[in-house]
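Per our numbering, the sequence shown starts with residue 5, numbered consecutively.
The set of hints was computed from the structure by calculation and includes no laboratory data.
Derived Cβ-Cβ restraints for the label pairs, each shown as a range:
hint	residue 1	residue 2	range
1	P115	G165	15 to 25 Å
2	G203	D232	13 to 23 Å
3	G285	G241	26 to 36 Å
4	G203	L283	30 to 40 Å
5	H184	A298	19 to 29 Å
6	P152	A268	41 to 51 Å
7	Q59	A188	18 to 28 Å
8	G185	A150	34 to 44 Å
9	L58	L118	34 to 44 Å
10	M145	R299	38 to 48 Å
11	E182	D232	17 to 27 Å
12	T61	A298	33 to 43 Å
13	E182	G153	36 to 46 Å
14	G185	A119	31 to 41 Å
Backbone N, C-alpha and C define an ideal beta-carbon position, used for all residues, glycine too.
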Amino acid sequence: MLSSFRKWWQRAPAAQSQPQPLQRKRAAPRGSGQLPAPITFGQLVVGAAQSSGLQRTSNEDALFANVEILGTAGNPTQTGLFVVADGVGGHRHGAQASALAVQTVAQAVVPALLAAQADGGFVQGFDAQASLSAALGAANMAVFAAYPGSGTTVIAALVSGGRLHLAHVGDSRAMLVEAHGLRALTEDHTLVRRLQTAGHITAEQAAVHPQRSTLLRAVGQGEGLQVDSSAHAFEPGGRLLLCTDGLWGCVNDAELHQIIFAAADPQSACVEMVNAANLAGGPDNISALLVHYAR
Numbered sequence: 005m006l007s008s009f010r011k012w013w014q015r016a017p018a019a020q021s022q023p024q025p026l027q028r029k030r031a032a033p034r035g036s037g038q039l040p041a042p043i044t045f046g047q048l049v050v051g052a053a054q055s056s057g058l059q060r061t062s063n064e065d066a067l068f069a070n071v072e073i074l075g076t077a078g079n080p081t082q083t084g085l086f087v088v089a090d091g092v093g094g095h096r097h098g099a100q101a102s103a104l105a106v107q108t109v110a111q112a113v114v115p116a117l118l119a120a121q122a123d124g125g126f127v128q129g130f131d132a133q134a135s136l137s138a139a140l141g142a143a144n145m146a147v148f149a150a151y152p153g154s155g156t157t158v159i160a161a162l163v164s165g166g167r168l169h170l171a172h173v174g175d176s177r178a179m180l181v182e183a184h185g186l187r188a189l190t191e192d193h194t195l196v197r198r199l200q201t202a203g204h205i206t207a208e209q210a211a212v213h214p215q216r217s218t219l220l221r222a223v224g225q226g227e228g229l230q231v232d233s234s235a236h237a238f239e240p241g242g243r244l245l246l247c248t249d250g251l252w253g254c255v256n257d258a259e260l261h262q263i264i265f266a267a268a269d270p271q272s273a274c275v276e277m278v279n280a281a282n283l284a285g286g287p288d289n290i291s292a293l294l295v296h297y298a299r
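Please build the complete structure, drawing on both the sequences and the hints.
Shown next, in the form of C-alpha cells:
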C-alpha cells in the first residue's frame, strides 16, 4: 500500500469576515493577502475557503478533506473524503455541533476505507454509500448526546475510482460543475423546499420566503433521522462543489459557475466565491470546498 495521508481542518476565528484558505504547510499567513497554491493529491486538486460573513460574530461551519492512495504501487487508486457542516444558527453550541459531526464522520469513514482497500479499489462487498450514511447516523447520535437541542447540516462526499458517493442531511449542497452550468446532486431538507416541491410556492418565492432557513432534518435531532444518499459518475475533468447556504443563498448558480471557470485553480475559485457572497451582504457564515478531478 502506498502510504499517503493528507487532511486539513480549519475553523475561521470569530468576527473574521475575509475568506481564509485552510491552513497547511507553507500556507500564507492569515491576513497576508497571499493565496497558497491549491492543494494537490495526484489528480485530485482541492481548494476551500470560509468566512464568518459580515453579519455574524462567529463561524459555525466546519470543513474536512482527506485523500488516501489505496491499493498497490502498481495499481494505486485515489480516494477522497470531503465533508462540510453548518451548525444551526441561533441555537446553543452550533459551532461545537458542526465540529463534532465532521470529526465523527471522519473517524468512522477513514478507517473503513483503509480496512476495505483492495488492488485498484475496494474489497468486494464494501458499500460506500452505506458507510457514509452510517457515519452520518453516528454523528447524529453523537451531537444529540453531547449538545442536546443543537444541530448541524452535513454533506459528505466520497470520491474513488471514477465514482462519487454522497450522503447528506440539511441544506448544505453538493453540485457538479458542468460545462454549461451547475447540476444539483442534493435536495434541501427545508420547509420551503417541501412547499416548492408540492407546488405551493415558486422558486422565486422560495428564495425570499421568511422561513427559507427552517430545516426539517438536522444531524443532532436524535432517533429517526433519515439520511439521503446517492451515487454518481465522477470522471477526469469533473468538478465537485460542496457549500453551505451562506454561499448558495447569496450567489446564484450562474455566477458561481462563472467564478469557477474563470479561476486559475480551486483555491482561487473558493476565495472568489466567498468574496462574492460577502459582496452580496454576507448575512451568514460561508463555506466552499471545490474538488477538481484533473485530467
